[in-house]
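**Q** Start counting the sequence shown at 1; every next residue gets the next number (the numbering used here).
A few of these clues could be false.
Said to hold, decoys possible - Label pairs and their computed distance ranges (CB to CB): (1) Trp-57 with Ala-35: 31 to 39 Å; (2) Arg-29 with Leu-76: 25 to 33 Å; (3) Gln-74 with Ile-36: 14 to 22 Å; (4) Cys-54 with Glu-17: 49 to 57 Å; (5) Trp-57 with Lys-24: 48 to 56 Å; (6) Met-41 with Phe-65: 17 to 25 Å; (7) Ala-35 with Phe-65: 26 to 34 Å; (8) Met-47 with Lys-24: 34 to 42 Å; (9) Leu-15 with Val-67: 49 to 57 Å; (10) Arg-40 with Leu-69: 16 to 24 Å; (11) Ser-70 with Gln-26: 35 to 43 Å; (12) Pro-16 with Ile-53: 54 to 62 Å; (13) Leu-68 with Arg-22: 45 to 53 Å.
None of these hints come from the bench; they were simulated from the model.
We put the beta carbon where it would ideally sit given N, CA and C, even for glycine.
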Amino acid sequence: MFRSHVVLDFWERALPEEEMERLKTQLRREELKYAIYCMRMGALAFMVIIILICFSWLGLFQRRFIVLLSFLVQVLVSKTVDLGPTQGPRMD
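Starting from the given sequences, assemble the full structure and let the hints guide the process.
**A** Right, here's the structure in full:
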């Protein structure tokens, strides 16, 4: 997010005001899409971990398998969330 604001400040000096307002609006929209995407990924990871814990309590999985799967889900989510708004998947 910081990188996008630095670039925005740079272009603010070079572009006309109406073009700058359009770019700021587009940036806000992209940041909002990214925030929603991160919340969805977090909620999905939380649900998967809860389901795995429930299966573990019911005796359907071994404890080691649950720990390994939970770790893999956390790594997947952290890698996805680390992507910036310009690097993440398009959500048009």
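**Q** At the C-beta level, are Trp-57 and Lys-24 separated by a distance inside 48 to 56 Å?
**A** holds, 50 Å
**Q** Does the Cβ pair Ser-70, Gln-26 satisfy 35 to 43 Å?
**A** holds, 37 Å
**Q** Could you tell me whether the CB distance from Arg-29 to Leu-76 stays inside 25 to 33 Å?
**A** Holds, since Arg-29 and Leu-76 (Cβ atoms, about 26 Å apart) stay within the stated range.
**Q** Taking the Cβ atom of Leu-15 and the Cβ atom of Val-67, is their distance within the range 49 to 57 Å?
**A** holds, 52 Å
**Q** Is it true that Gln-74 and Ile-36 lie within 14 to 22 Å of each other by Cβ?
**A** Once the Cβ atoms are compared, 20 Å apart, the range 14 to 22 Å for Ile-36 and Gln-74 holds.
**Q** Does the Cβ pair Trp-57, Ala-35 satisfy 31 to 39 Å?
**A** holds, 33 Å
**Q** Okay, Arg-40 versus Leu-69 on CB: inside 16 to 24 Å?
**A** Holds: the Cβ-Cβ distance is about 20 Å, inside 16 to 24 Å.
**Q** Do the Cβ positions of Ala-35 and Phe-65 conform to the proposed distance bound of 26 to 34 Å?
**A** holds, 33 Å
**Q** Cβ-Cβ distance between Met-41 and Phe-65: within 17 to 25 Å?
**A** Holds, at about 23 Å.
**Q** Confirm or reject the claim that Pro-16 and Ile-53 have a C-beta distance inside 54 to 62 Å.
**A** At roughly 56 Å between Cβ atoms, Ile-53 and Pro-16 fall inside 54 to 62 Å, so the hint holds.
**Q** State, for the Cβ atoms of Leu-68 and Arg-22, whether the hinted interval 45 to 53 Å holds or is violated.
**A** holds, 48 Å
**Q** Looking only at beta-carbon atoms, does the pair Met-47, Lys-24 fall within the given range of 34 to 42 Å?
**A** holds, 35 Å
Every hint, counting from the list given before, is met by this structure.
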